[in-house]
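Undergrad: Listed below are the residues making up each chain.
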Amino acid sequence: MTKLLEIANLTVGYGEAIAIDDISFSVARGEFVTFIGPNGAGKTTLLNSLMGVLQQTSGTVTFGGEDLKALKPEARVARGIVIVPERRELFPGLSVEDHLRLGAFLRRHEGRAKMAAALERIYALLPKLKERRKQLAGTLSGGEQQMVAVGRALMAEPQLLMLDEPSTGLAPRITEEIFEAIDRLKATGMTGIIVEQNAHLALSVADRGFVLEVGNVVASGGAESLRQDPRVLAAYLGAGDRYREAMTGTETIPRAEEEG
Amino acid sequence: MTDTVLFLLVDGLTNGLVYALLALSLVLVFTVTRVVNIAQGEYVMLGALTLADLLQGRMPGTLYLLIGGLVLCAVLDAGRWRRDWRRASLYTGGLIVAGVAALAVTRGALALQLPVIGMMAVALLLVAPLGALIYRFTVHPIPNASTIVFVIISVGVSMSVQGLGLLIWGANPYPVDPIAAGGVMMGPVFIPYQSFAILITALLAMGGLYLFSEFTLIGKALQASAMNRLGAQFCGIPVNLTGALAFLLAAAFSAVSGMLLAPLITANYEMGFMVGLKGFVGGAMGGLIDYPLSLLGVMIVGGLESTSAYVASAYRDVLVFSLLIPILLWRNTRARAEAR
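Sequences listed follow chains V and Z, in order. Note that the first sequence ends on residue 260 in my numbering; no numbers are left out. Note that the second sequence ends on residue 340 in my numbering; no numbers are left out.
Note that these hints are calculated values from the structure, not bench results. Please note: incorrect hints may appear among the correct ones.
As the list claims (entries may be wrong) - Chain V residues, not near chain Z, derived (Cβ > 10 Å throughout):
{"id": "1", "residue": "8"}
{"id": "2", "residue": "117"}
{"id": "3", "residue": "135"}
{"id": "4", "residue": "139"}
{"id": "5", "residue": "140"}
{"id": "6", "residue": "167"}
{"id": "7", "residue": "170"}
{"id": "8", "residue": "189"}
{"id": "9", "residue": "230"}
Claimed, not checked - A few chain Z residues facing chain V, derived, Cβ under 7 Å:
{"id": "10", "residue": "166"}
{"id": "11", "residue": "224"}
{"id": "12", "residue": "227"}
{"id": "13", "residue": "231"}
{"id": "14", "residue": "235"}
Claimed, not checked - Pulled from the structure, derived: some chain Z residues nowhere near chain V, Cβ distances all over 10 Å:
{"id": "15", "residue": "101"}
{"id": "16", "residue": "210"}
{"id": "17", "residue": "299"}
Glycine included, each C-beta is placed from N, C-alpha and C at the ideal position.
Bound-form chain V, shown alone (with noise of 0.2 Å):
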């Protein structure tokens, strides 16, 4: 498979503090990966860095080829790198079919027939923006935003969709109606990373998962064979004492690693 994102020793940081710790990894085309861990990992910091809102301090990040290094945001958006962000980031005062037009800036000068297209299309995945198109984002729900959100992240054409905790806040039942519509997008070809406190529902739509901790990558590995690791049993349920059993125990853990 063609490596579509390519990290290779990204470091970033807060000043002195270093929030994301010499981390390598590489996401193929049509592949899903989620990166899982306790709050303050540096998961969202991770994600920020791809998206060119936080300077990397050093290593190199290539996309389809190209180092992201000296791109803004709107290049990276314009290259087809698109996020969801945790806190859905929304313009309180303009309407949802608003969101989903300025998700679609860069490709203004397609012309309204491939606009309404789009449209069309986020509607089919998400109905509910549909019914609630005229209504103010400021007055939506948790979940109505939730999917603005996603749908406005959608209407950028992303070759590479990020999802930074995408069902924080929300009742179980919003949280299983948005992941469907993540699985359908992946049915489709999407590579996507997607990032979660909830390692079970992570772990049930990515390919291949990373956990992290405190900036490192401390586990990785096929989805399914992580949701057997004690380790990510231990972070998403919270046991610490488990978790400090397994890192101190003789029983072999698949290591961090590069793979591909």
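Dock chain Z against chain V, hints included.
TA: Below, chain Z without anything else, positioned relative to chain V:
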């Protein structure tokens, strides 16, 4: 008595509308870029003096400011050539075309001796881009600076532009022709045609901004950048461009305000600062984020100004600026009530 009250009312409304364009500029700039632009009034001065030059058949000094700014812009963005020479040549070519076009339009307008309205349009064309250039020189390099840094910078810009104004135009006041001389008696009050011109222009400007914001994608992008800068970046909206656009539109509104005001008070190099501050007092009522409240604010400022000019003219400015204190207290209690 009624005559006086009516007169003051008309006068206050006229003043208020002039400041309204200022307040509009300040709110637009602040919401999109988080800059409290103390220098906003300088565009009032530039607009007025440019119009004065054009009406008297002189090459306006603003043209040289503009061309100088475009050259500086090309120099500052020289780094583009290393990254992508195609886009750099397009960009530099665009700057050159803009400079040549400004020169051609100005010469043409002077040769044709356009009427006041035409000259206003030309002056607008010369002053508005200065807003975008000043954004490029001051805000663009440090987009995430704190509000207080931007305030200090804008004070510096205000002083520099005033200095340039003094250099170009000297300290003499310049008379400026109104759009239409004379006026009409409406009942007991004489209303100059210029007041109607101010009313119509202010309404057109506000209406235009509204239509632009609501019915174009670029306008929506401007609103989006104002509501959530990060979210706008995630949409691929270049926030530097929307910032420059906000500065450009604000410069245009303020310049128009100066051109409308100048016939009433004559134009000089230091007229802008006072007007800018009065627009700011009005805008403060809306916390520099709320258009309708800011409009209400400038109307109160205008009314208070004309009343105090009548009752105690020596204290006019003192009274107007004192208004800032109750406004800030009111904003503060409101903010606290909302925080609860």
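Undergrad: Could you tell me which of the numbered hints above are not met by this structure, giving the numbers in increasing order?
TA: The structure conflicts with hint 10 only, although it agrees with all the remaining ones.
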